[in-house]
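J.: Sequence:
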Amino acid sequence: MIKKMRSAVAVGLALVMLPATSFAAYFSDVKVSDWFYQGVQKLEARGIVSGYGSNVFKPNNTVTRAEFLKMVMAGKGYKINSLVGDYWAKAWMDQAYMDGLLDSSDQKFFTISKMDQPITRREMAKLAAKATNSYASDKNVYSYITDFDTIEMEYKDAVNAAFFNGLITGYTDNTFKPYNTLTRAEACAVILRIIDKSERVYPSMTIYQKRLSETKSFMNMHFNNFVFNETTGTGFVYNTTIMKLPTPSMLAKGGNYEYDFTIDVMTEALKDQNGYDYMIRYDVNMGSEAKAVLNDYLKLILPYDYAKVMELGNQNFAAGARSTKTAEVGGWTLQFSNSLSGDSKVTIKIYQK
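Mapping to the numbering used here: the sequence shown position 65 is 65, numbers consecutive.
Wrong hints could be hidden among the right ones.
[Stated by the list, open to error] DSSO-like mimics (lysine-lysine), calculated; alpha carbons at most 30 Å apart, straight line:
no. : residue 1 : residue 2
1   : K244      : K197
2   : K108      : K79
3   : K244      : K156
[What the hints assert, rightly or not] Label pairs and their computed distance ranges (CB to CB):
no. : residue 1 : residue 2 : range
4   : Y142      : W35       : 24 to 34 Å
5   : G100      : P248      : 56 to 66 Å
6   : S198      : I112      : 28 to 38 Å
7   : Y78       : S217      : 23 to 33 Å
8   : M98       : D296      : 47 to 57 Å
9   : Y171      : D86       : 50 to 60 Å
10  : Y135      : E268      : 42 to 52 Å
11  : G166      : G47       : 23 to 33 Å
12  : Q38       : D99       : 28 to 38 Å
13  : Y135      : G85       : 33 to 43 Å
Note that these hints are calculated values from the structure, not bench results. Being a predicted model, the structure only gives us computed values, none of them experimental. Virtual Cβ for every residue (Gly too), placed ideally from N, Cα, C.
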């Protein structure tokens with residue numbers, strides 16, 4: 001009896017410890033350590049995706065309209081065979097038009113001559129929304145996607161529906177980038193969300209909540225030198241000299257205090273009221289340590305152009321107390337002004353374009 005139990009345990013362990021090649025990873029270019037491994041494995045097991053010759057999946061290839069349409073339809077249970085001599089995806093495309101997955105407005109892209117071209121994220125969103133009968137949310141989409149205005153009217157509801165129903169996520173910079181394409185690996189993630197609600201990724205924070213959260217996380221990395229203004233709930237004060245930091249009661253009273261720089265992150269209501277997204281004040285004479293910390297923070301907003309910000313601010317300060325400057329930097333509008341109190345402070349208001 002004990003031998004039988006040991007034998008059963010051994011068999012069970014063998015099943016659990018099967019090598020990666022026993023799953024969809026017989027594709028030589030899909031490894032267990034890849035973020036998309038599970039998705040490819042699940043979809044291949046259902047017959048929704050397949051590879052190329054020589055056992056490769058080519059996960060980094062850009063997915064085409066034909067490939068994505070076939071994946072969506074296969075995920076919905078379609079089994080279609082093309083006629084001999086026809087373009088391989090013609091039967092899939094014809095059926096999609098018949099069943100309403102594609103409509104007349106799609107004919108400018110979903111034609112045989114364009115089916116092997118890369119599919120864009122806005123086209124993908126429209127197909128995903130239709131495949132799941134998803135509808136646009138009544139939430140303020142502009143509080144989540146900063147480039148929503150760049151999407152053509154015919155795709156706006158679809159992108160809204162796909163985004164808020166967890167089918168297609170945005171980018172970390174709060175953009176959707178409707179004309180970007182996806183890789184075959186990324187497309188697998190979208191297909192999984194279409195066929196399995198548990199795989200969906202719903203937006204949890206508005207861009208304003210995300211910015212405030214990111215700023216708090218940044219502050220925590222330098223917690224000895226930062227004070228959070230609990231009165232406003234959006235302000236942060238930095239001073240290299242810890243003893244000179246204002247107390248919460250000082251901030252609550254709105255009194256004067258010393259600082260190297262301050263950061264104010266707008267909530268949605270404050271954005272509507274003031275127009276700008278961030279306001280930063282800094283002392284042009286602050287030390288190198290404070291400058292380095294502020295530059296690190298500016299990287300969160302302007303990853304590639306952050307070094308220009310204080311350079312422009314210092315130029316504006318040098319031009320005189322009443323000098324103002326407006327500059328377009330890294331997709332943002334920056335307005336610079338100087339203190340009129342005779343000190344060495346510069347104010348920067350940062351607007352999302």
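J.: Where does the structure disagree with the numbered hints, that is, which hint numbers, in rising order?
T.: The structure conflicts with hints 1, 3, 7, 9, 10, although it agrees with all the remaining ones.
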